[in-house]
Amino acid sequence: MNRQGDRWTAEQVLALAPDAASSKAGSRLGVAGPWSEAGCAPGAVWGLCKGSGSKPYQTVVDTAGLAYKCSCPSRKFPCKHALGLLLLRATDERAVPDGAAPDWAEQWLEERRQRTEKRGAEGSPTSGGPSDPEAARRRAERRAERVTAGAMELEQRLADLLRGGLAAVEQGGYGHWEETAARMVDAQAPGLASRVRELGAIPGSGPGWPVRLLEECALLHLLDHAWLNRDHLPKPLAATVRTRIGLPVSAEGTAVRDSWLVLAQYDTQDGKLTTRRAWLYGQRSQRTALVLDFGAAGRAPGLALPVGLAIDAELTPYPGAGQLRAALGERFGAPAPIEAPPPGHSAAEALDLYGRALRDDPWLDFWPVTLSGVIPIPAEDGWQLADAWGSPRAEGPGGGSALPVPSAALSRSGLWKLAAISGGAPVTVFGTCGHRGFTPLAAWAQGTAETVPLI
Amino acid sequence: MTGTVTPWEELVTSALLGTDRRTPPRGVGAPDKEAPTALLDAAALHTVRRRAGLLPGRAAARPEPAPHDPRPALPAAARRRLAQLLADRSAPSSGGGRRGTAPDLTELLPQWLTAAGSHGYRAPATLLPALLDAARARTDLRPQTLSFAGPRGTWLARLNPEWKFALRGGAGGSVLPDPTDDEAVRRLWEEGLFAERVALLTAVRAHDPEAARALLGSTWCTERAEDRLMFLDSLRTGLSGADEPFLEAALSDRSRNVRATAAELLSALPESALAARMSGRAASCVGLDRTDGCERIAVEAPHECDTEMQRDGVVPKAPAGRGERSWWLGQLVEAAPLGGWPGRLGARTPREIVALPVADGWGDELHAAWCRAAVRQRDAEWSRALLGSPAAPPESGPGTTSLAERAELLATLDPDERSGWVAEFIAAHGLSEAFQLLGVCPVPWAGPLGRAVVDALEIARDAGSYPWSFSGVMGLAERCLDPAEATRLEVLTAIPAEAEDTSPGAGGYWSEAFQRLVGTLRLRATMLAELTPRPH
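Same order as they appear, the protein sequences are chains A and B. So in full-length UniProt numbering, spot 95 of the first sequence is number 95, and the numbers just go up one at a time. So in full-length UniProt numbering, spot 153 of the second sequence is number 153, and the numbers just go up one at a time.
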């Protein structure tokens with residue numbers, strides 16, 4: 001049995017934590033003290049955890065399918081008990097011996113096994129389809145009409161803005177944009193709404209804001225325009241526009257089974273909505289994919305992938321040219337340690353790749369790229385990632401090409417971690433490359449396969 | 001670029017002022033479109049074109065690569081443990097107040113660092129920022145952290161002003177030359193920073209004391225007074241008769257503090273001329289008195305503090321509130337070799353001497369001076385005599401009632417004897433006064449000492465108090481008890497039946513405290529096992 005793949009490291013376990021509080025609470029439970037009857041079998045771990053009440057919580061983890069069950073009342077997912085149990089297994093082999101699952105754990109594991117088999121037998125997990133295609137078509141048509149009205153209204157507002165001048169915006173304040181954003185929400189175009197809301201933040205964003213505001217207004221105008229003329233666009237671009245507008249799309253391509261390397265996983269907050277992003281790289285298909293999951297109203301997203309491990313799974317792409325989003329389908333077997341980081345590029349190649357991706361999606365802010373042979377340099381005006389080789393000293397003090405790291409892009413701790421593993425030597429860095437610079441998300445020291453998360 | 005306005009700049013100007021006031025440049029957009037729309041079209045085109053055509057910038061000066069660290073990497077499990085200990089440190093503490101049953105990981109960090117240091121591991125690069133942050137917040141962790149962080153830690157600290165502290169101490173960062181490499185030693189001694197020079201002197205002295213004295217002597221006259229003091233202080237380690245001529249010369253130093261330290265060091269060398277002079281002076285003040293048929297010690301304190309005494313380090317001016325003569329006496333007795341007293345006082349053993357009555361109320365003064373002498377001369381026999389029986393009530397003890405002084409006396413005993421004494425003390429007097437004494441006992445606590453502490457905790461629980469009255473000792477026990485005790489402690493984690501005279505709920509809290517103790521001991525055992533290299 002491949003114990004190594006099944007037994008995750010503490011870092012990998014902590015990467016599953018939905019938030020910092022859970023990771024701390026989980027760490028505290030990652031010791032033998034509160035646990036009893038803990039054990040594991042291939043693909044499963046279980047244990048009883050003493051809580052504040054008299055009855056201990058029953059915790060089971062399906063390590064192959066990445067599912068968790070716990071009798072505790074927590075709505076976090078995985079809960080601190082599941083994290084603690086996995087940590088205990090990661091750090092103290094003796095505390096979680098091999099064995100047969102007790103009844104309460106076996107029951108749930110068995111149910112899961114049966115469900116998976118059934119789903120496998122039925123084929124596509126999303127079979128079924130709309131019950132009334134005609135009604136659905138009418139609904140979609142009505143929504144498109146509303147979006148069109150919204151886009152036209154937005155065009156009008158942008159034209160008014162340009163007529164009066166951007167300089168007037170600085171005094172106008174945030175309220176003006178909020179109101180327009182609300183109109184776009186009414187028009188059922190959430191993508192337009194969030195872009196409009198971002199416009200509101202630009203006048204307060206420091207020197208050079210008029211240029212940035214003009215750029216973003218222009219791209220918004222381009223999006224309106226693309227929507228209004230979508231019938232004349234090539235099909236993939238039209239799909240991209242629909243995505244950018246914020247219309248619901250579902251994964252519909254052919255599923256790609258691959259050994260997907262989990263490069264990064266992180267959350268962003270937008271109001272009450274938490275978005276969890278996971279970047280995956282397919283070792284055979286050499287594709288980078290983005291898997292999204294959402295958690296509303298303070299609930300953590302359910303997606304939890306172990307950074308630095310490869311998962312054998314099917315991904316179904318979403319439509320749209322150059323769109324990287326994919327839905328995670330069936331997983332096969334336990335995650336395995338990776339052997340090497342994805343192949344990398346130079347600084348110039350990274351910008352090239354971003355430039356090429358803009359042809360398919362001009363609204364792209366960044367494109368995922370792995371840089372190899374770069375050195376992080378702390379410079380006066382922020383950090384850089386510079387090619388370690390390439391044109392040598394000829395071009396001035398450092399020589400060679402470099403990408404700036406946007407100041408807001410990373411927590412300080414991530415940058416220092418990057419500097420520490422580099423030690424002035426070249427490293428491999430995965431991140432997003434765009435017009436604001438390169439945002440590092442994970443790194444590998446020279447000659448190692450260990451993924452160091454930077455976010 | 002001045003003078004020429006690019007089309008894009010013209011677009012921005014029009015956009016800023018508004019197309020009503022400033023018509024966009026000619027040739028922008030299709031003629032049939034309104035000005036704002038034409039402007040937005042042109043701006044969109046420009047924006048996408050600019051983004052698609054971005055070129056990388058020029059690299060800034062690269063930092064020198066970090067020096068190679070040849071030490072072995074941590075075993076994987078130990079590395080995860082360290083990550084966990086450091087993560088717990090930075091995570092916001094939950095709830096405050098009650099500590100619950102989970103171990104306090106932050107408290108285990110120093111022990112982990114010591115153990116890792118003893119195995120000579122290299123710190124994992126990913127954890128260097130967290131390690132440096134930890135050492136920044138806790139000065140007591142710095143020496144261990146910095147030597148563990150090694151050359152890469154120092155390299156990293158140079159990039160971040162918040163970690164400046166790492167560059168100050170000599171211990172972690174700079175690499176000392178081989179003590180036999182005369183030229184490198186000489187160069188660092190002449191050019192190094194003060195901390196580096198102290199570290200160098202210590203290293204050379206450990207290797208070849210004669211060479212270290214020669215090194216120190218070569219620049220002695222030109223050193224600043226405070227530096228001379230520190231260098232002299234570093235002779236304390238490995239002090240021997242061979243140091244006497246150097247110290248004797250330092251007795252005439254310009255600086256009073258240097259003179260006093262030289263005298264103190266000489267007095268710790270019983271064979272030194274200074275010790276003999278002090279012995280003579282002390283002997284003339286303290287003797288046996290056989291009047292009235294019983295024997296006691298008679299004291300005749302010195303009447304003056306002459307220049308010879310002052311040259312030998314006796315401070316003439318007494319602190320406020322102390323009589324001059326008793327002040328001088330104290331210094332003479334403290335500096336006189338203890339080995340001279342049995343001969344002077346009727347061939348008695350130290351224990352018998354300490355037990356003798358002292359005339360005219362000089363007893364406290366004399367015993368206190370002997371305590372200081374025993375500590376300074378690291379004389380176990382005298383320490384033992386002055387400590388007396390651990391079971392006796394502290395106030396009736398022979399030497400001193402001060403716990404701080406007792407702790408110092410204990411430190412001169414060998415580790416087993418020290419632990420045994422404290423174990424008996426705890427068995428007789430409980431835990432309330434034991435904290436300071438426990439601090440000088442070797443870790444992990446020896447079996448009898450550990451059992452005495454656990455027994456005393458159990459007695460405290462049964463007496464009905466709350467565990468937080470003993471939180472200091474409890475915390476110490478978590479860090480110092482031998483992990484092997486965990487099994488024996490297990491029975492104490494049960495919640496005891498509530499008796500009438502106990503504090504409400506105390507049983508539950510005690511159970512919780514013992515659970516935490518057991519949990520921490522288990523964790524420490526695992527932690528130390530993880531650091532032990534295993535053959536593959």
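Hints were generated in silico from the structure; no laboratory data involved. A couple of the hints might just be wrong.
Claimed, not checked - To spell it out: a stretch of chain A is covered by chain B in this simulated footprint if at least three of its residues, at any positions, have a beta carbon under 8 Å from a beta carbon of chain B; those stretches are:
1. 22 to 30
2. 151 to 165
3. 188 to 196
To be verified - Over the 12 Å line for every Cβ pair with chain A, so calculated as not near, a few chain B residues:
4. Ala115
5. Asp133
6. Leu437
Glycine included, each C-beta is placed from N, C-alpha and C at the ideal position.
Okay, the hints, checked on the actual structure:
no., hint, in the structure
1, 22 to 30, "holds (count 7)"
2, 151 to 165, "holds (count 9)"
3, 188 to 196, "violated (count 0)"
4, Ala115, "16 Å, holds"
5, Asp133, "8 Å, violated"
6, Leu437, "29 Å, holds"
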